[in-house]
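Turn these sequences into a full structure, and let the hints steer you where they fit.
Taken in sequence, the protein lines are chains A and B.
Per the numbering used here, residue 1 is the first one in the first sequence, and the count goes up by one each step.
Per the numbering used here, residue 1001 is the first one in the second sequence, and the count goes up by one each step.
Rather than coming from a laboratory, the hints here were simulated on the basis of the structure.
Cβ coordinates follow ideal geometry from the N, Cα and C atoms, glycine included.
Among the hints, a few may not be true.
[Said to hold, decoys possible] Per label pair, the in silico range of CB-to-CB distance:
no., chain 1, residue 1, chain 2, residue 2, range
1, B, Arg1052, A, His45, 28 to 36 Å
2, A, Lys84, B, Glu1008, 44 to 52 Å
3, A, Ile87, B, Asn1038, 47 to 55 Å
[Said to hold, decoys possible] Calculated cross-link-like contacts (lysine-lysine; reagent style PhoX-like; alpha-carbon spacing at most 25 Å):
no., chain 1, residue 1, chain 2, residue 2
4, B, Lys1051, A, Lys54
5, A, Lys42, A, Lys84
6, B, Lys1051, B, Lys1073
7, B, Lys1086, B, Lys1056
8, B, Lys1060, B, Lys1073
9, B, Lys1073, A, Lys7
10, A, Lys47, B, Lys1073
11, B, Lys1086, B, Lys1051
12, A, Lys7, A, Lys47
13, A, Lys42, B, Lys1073
14, B, Lys1073, A, Lys54
15, A, Lys7, A, Lys42
16, A, Lys139, A, Lys84
17, B, Lys1060, B, Lys1086
18, A, Lys54, A, Lys7
[Unchecked claim] Residues from chain B shown here face chain A by an in silico Cβ test under 10 Å; the list is partial:
no., residue
19, Val1049
20, Lys1056
21, Glu1069
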Amino acid sequence: MKRRENKPSRIAMTFFNWYCHPEFREEIEGDLMERFSTYSLKYGHNKANRLFIKDVLFMFRPSIVGNIYHLTNTDTMEITNQNKRLITILATAIALLLTPLIAMNFTNDVNWKILDFLVAGILLIGTGLTLEIILRKIKTLRYRILFGITLFVVLLLIWAELAVGIFGTPFAGS
Amino acid sequence: MSQKTLGEFEEIVILIVAILNGDAYSVSIITEIDERLNRNVSLGAIQTVLKRLENKGLLKSEFGDATNERGGKRKRLYEVTAEGQKILDHTRVQRNSLWEAIPRLSFKLY
Chain A
1 MKRRENKPSR IAMTFFNWYC HPEFREEIEG DLMERFSTYS LKYGHNKANR LFIKDVLFMF
61 RPSIVGNIYH LTNTDTMEIT NQNKRLITIL ATAIALLLTP LIAMNFTNDV NWKILDFLVA
121 GILLIGTGLT LEIILRKIKT LRYRILFGIT LFVVLLLIWA ELAVGIFGTP FAGS
Chain B
1001 MSQKTLGEFE EIVILIVAIL NGDAYSVSII TEIDERLNRN VSLGAIQTVL KRLENKGLLK
1061 SEFGDATNER GGKRKRLYEV TAEGQKILDH TRVQRNSLWE AIPRLSFKLY
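As structure tokens, then:
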């Protein structure tokens, strides 16, 4: 608890470290910390933290950001790649959902109702988001593969249970 | 130098840097402005002006010491350059001449 009281908002500091030009980072970070330290003594941790966040937000201006090239040099690139991957995953889930919708126009064998699309949508998007979390949080390839395969097996089992009922649960389809 | 003019806030910042005489960095400048002029200035505004004045060649800077309360980060200490002193003198002379040019009658009305 005492440790927390000596530290300003980590999110605000991460935001500052992202936008601030590397050339100015050390001096300005020091200034921010010094002001936070003064605020803490004067007003206590909560208000000091609010004032710290205000300082960080008001600092976000062209003269401090400098040229924008550094914004894509550090972790920003990874964030962009992660977001691209997330969009791909969500687009794949939506494309899979569209498949039965299109098929319904050509054959009577596929006959999905709104509830079917809703459940399938939750399943697919939920699986996609879980996969994205796994890829973001787990960095070891071995565990990524392990958790990824487990996720897909769980998805297939739930799908099969809802479609044809292999376990005989109350949600089993026929 | 004749092409260079100082904004009101720029002038204040250079004067404060001169007053602080070797101990001028953004936080101490903000405190000094607050104490002397009762004016609240944000860290972003002061950093912007300091960078601009340094680019104009009116201030120069170097890294100072790191302290614990700064999270181990060094300060950037500012000093007024010879050109900065010249422009301050020039501004002062200009202001004085303008004050002296005001007819006494102008102020008697108020």
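Cross-check of the supplied hints:
1. The given range of 28 to 36 Å is respected by Arg1052(B) and His45(A), whose C-beta atoms sit roughly 34 Å from each other.
2. Between Lys84(A) and Glu1008(B) the C-beta distance comes to about 48 Å, which sits within the given range of 44 to 52 Å.
3. Checking the proposed 47 to 55 Å range against Ile87(A) and Asn1038(B) shows it holds: the Cβ atoms sit about 52 Å from each other.
4. Of the pairs offered as hints, the one joining Lys1051(B) and Lys54(A) holds, with about 21 Å between alpha carbons and a cut-off of 25 Å not exceeded.
5. A threshold of 25 Å between alpha carbons decides the hint, and for Lys42(A) with Lys84(A) the separation of about 45 Å lies outside it, so the pair is violated.
6. Only pairs whose Cα atoms come within 25 Å are accepted, and Lys1051(B) paired with Lys1073(B) is accepted, the gap being roughly 18 Å.
7. The straight-line distance between the Cα atoms of Lys1086(B) and Lys1056(B) is roughly 13 Å, inside the 25 Å bound, and the hint therefore holds.
8. Simply put, Lys1060(B) and Lys1073(B) have alpha-carbon atoms about 19 Å apart, close enough for the 25 Å limit, and the pair holds.
9. For the hint linking Lys1073(B) to Lys7(A), the alpha-carbon distance of about 15 Å falls within 25 Å, and the restraint holds.
10. Of the supplied pair hints, the one linking Lys47(A) and Lys1073(B) holds, its CA atoms being roughly 23 Å apart against a limit of 25 Å.
11. As the CA atoms of Lys1086(B) and Lys1051(B) are separated by approximately 19 Å, the hinted pair is consistent with the 25 Å bound.
12. A C-alpha spacing of about 13 Å is found between Lys7(A) and Lys47(A), which places the hinted pair at or below 25 Å, so the restraint holds.
13. Under the criterion of a C-alpha separation no larger than 25 Å, the hint pairing Lys42(A) with Lys1073(B) is consistent with the structure, at around 22 Å.
14. This hinted pair checks out: Lys1073(B) and Lys54(A) have alpha carbons roughly 20 Å apart, not beyond 25 Å.
15. The straight-line distance between the Cα atoms of Lys7(A) and Lys42(A) is roughly 15 Å, inside the 25 Å bound, and the hint therefore holds.
16. Note on Lys139(A) and Lys84(A): the hinted pairing holds, with a Cα-Cα distance of about 18 Å set against a maximum of 25 Å.
17. For the hint pairing Lys1060(B) with Lys1086(B), the CA-to-CA distance comes to about 14 Å; that is within 25 Å, so the pair holds.
18. Of the pairs offered as hints, the one joining Lys54(A) and Lys7(A) holds, with about 15 Å between alpha carbons and a cut-off of 25 Å not exceeded.
19. Annotation: interface hint on Val1049(B) holds; nearest CB of chain A at approximately 9 Å, less than 10 Å.
20. A distance limit of 10 Å between C-beta atoms decides the matter here; for Lys1056(B) the minimum to chain A is near 13 Å, and the interface restraint is violated.
21. At about 4 Å, the closest approach between the beta carbon of Glu1069(B) and any beta carbon in chain A falls short of 10 Å, and the interface hint on this residue holds.
In summary, the structure is inconsistent with hints 5 and 20 from the numbered list given earlier, while agreeing with the others.
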